[in-house]
Every structure is written in structure tokens, then in C-alpha cells.
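Student: Start from chain E and add chain X according to the hints.
Going down the list, the protein sequences come from chains E and X.
My numbering puts the first residue of the first sequence at 1, with every later residue one more than the last.
My numbering puts the first residue of the second sequence at 1, with every later residue one more than the last.
Incorrect hints may have been included.
Said to hold, decoys possible - Looking from chain E toward chain X, a few residues come up when the C-beta cut is under 10 Å (computed):
#: 1; residue: 45
#: 2; residue: 95
#: 3; residue: 109
Derived from the structure by calculation, the hints contain no laboratory data.
Positions of the beta carbon are idealized from the N, C-alpha and C atoms, including for glycine.
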Amino acid sequence: DVKVTQSSRYLVKRTGEKVFLECVQDMDHENMFWYRQDPGLGLRLIYFSYDVKMKEKGDIPEGYSVSREKKERFSLILESASTNQTSMYLCASSTWDRGLVETQYFGPGTRLLVL
Amino acid sequence: DQQVKQNSPSLSVQEGRISILNCDYTNSMFDYFLWYKKYPAEGPTFLISISSIKDKNEDGRFTVFLNKSAKHLSLHIVPSQPGDSAVYFCAASQFSSNTGKLIFGQGTTLQVKP
Numbered sequence: 001d002v003k004v005t006q007s008s009r010y011l012v013k014r015t016g017e018k019v020f021l022e023c024v025q026d027m028d029h030e031n032m033f034w035y036r037q038d039p040g041l042g043l044r045l046i047y048f049s050y051d052v053k054m055k056e057k058g059d060i061p062e063g064y065s066v067s068r069e070k071k072e073r074f075s076l077i078l079e080s081a082s083t084n085q086t087s088m089y090l091c092a093s094s095t096w097d098r099g100l101v102e103t104q105y106f107g108p109g110t111r112l113l114v115l
Numbered sequence: 001d002q003q004v005k006q007n008s009p010s011l012s013v014q015e016g017r018i019s020i021l022n023c024d025y026t027n028s029m030f031d032y033f034l035w036y037k038k039y040p041a042e043g044p045t046f047l048i049s050i051s052s053i054k055d056k057n058e059d060g061r062f063t064v065f066l067n068k069s070a071k072h073l074s075l076h077i078v079p080s081q082p083g084d085s086a087v088y089f090c091a092a093s094q095f096s097s098n099t100g101k102l103i104f105g106q107g108t109t110l111q112v113k114p
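In isolation and in its complexed conformation, chain E is listed as follows:
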């Protein structure tokens, strides 16, 4: 079974703090994704990565950055947290199977509250 873990389930931070969200997958997947989930907006893609040291902007990258130094680990960084970044953050991973789009496997999520 694919396992995607996220470093924290709940996090409370103050405005202006630098926040690190860590995600680790154990299935040697090439692709990793960061989403945020907000009521009425569904899952919105922040950043994704196809390989180590590679990153691509998603639909809402503003205020975020990412790091992928190892294949199994994908970090989301909030350089200076703001209250509008209060949300549920979800990490996912996937792999290519004979060139086909593969299912994304999600971690349990980190609920971040910025005060």
C-alpha cells in the first residue's frame, strides 16, 4: 500500500512566521503535489514536482514555495504566514504507469491555523 505521511496533523502559527510543511511518500513515486482545501473551493493545486529539484507552479502558488531535495520528500514553505493561508493542506504523490496518468495518493492533511 502507498503511504503518504505529513509531518503534522494540526499546526497553529502567528502571522509573519515561516512555516514548513513536510510530506514523505514511501513508494518511490516520481510526482508529488501540494493542495489546499477550502470549503466551497475544493482542492486547489499550489505546487507540484516531477522529480528531485524540479518544481512547477500550480494554480495558486502566491505566498508559497517548495523544496524537493530527495525523491521521497516534498516540502511546502510559507515564507511569511498570513491569516488567509489558514486552510487544510494536502500532499499527494503519483507515478507514471506505461505513460498513463496514475491515481494520486493523498496524505492525511495538515490543518493550519494562522493567527
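Tutor: Showing chain X alone in chain E's frame:
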């Protein structure tokens, strides 16, 4: 621009009855569609998918129907069970883009009453 839309925020059905969740999309280049289920405080889990070369895919109590001309897909759950109560997200992708990106709808909260 919301490319994948789930226009019903919530749905309530009686146990044993059919649940029908709907999803519309605007991008005709989408060629692969998935449904995910999400319980509170958990990540979404994959439920069922369908390729655009098919119009139906079935897995146990779950069936997904795709109407390409209407750019519409639906998820049928028969019979519905209380444990099916969750948020359901539809998602779409474009294989030719070679990105693996999924575009998600807003989600529909299903409540199955005993």
C-alpha cells in the same frame, strides 16, 4: 475559471436508496476522470475512474457514467450505506498534457441517513 464543477454542495439520501453525484466540466481536452472520497480529518482516497474512451465503469456498488457530448459525469452509489457519508470530489485530467495534474471540483457532501 472553474473547469470542473460540482453544482450540488450537499446531498441527503436514505440508506438503501441510490445516491447520484454529478460533475460537469468545460475543457473538452480532458480525457480521464476520477472520483475521490474524503472523510473529515483524512486525506481523499481514490474511489473509481473512467477514461474518455468509455461511457461507464463499474466497481461493486459504485458506477461512474460519462457523457462526453454533455461534458458531464455522474457517480451512482447503489445501495447507499451510512458509511458512504463523506465529501466526494470529481477530478479531471488531460493525458496529452503529460503533467499528471488533476483538476478538482468543489466537492459534494453526501449524507446517508439510516
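Student: Provide an ascending list of the numbers of those earlier hints which the structure does not satisfy.
Tutor: none
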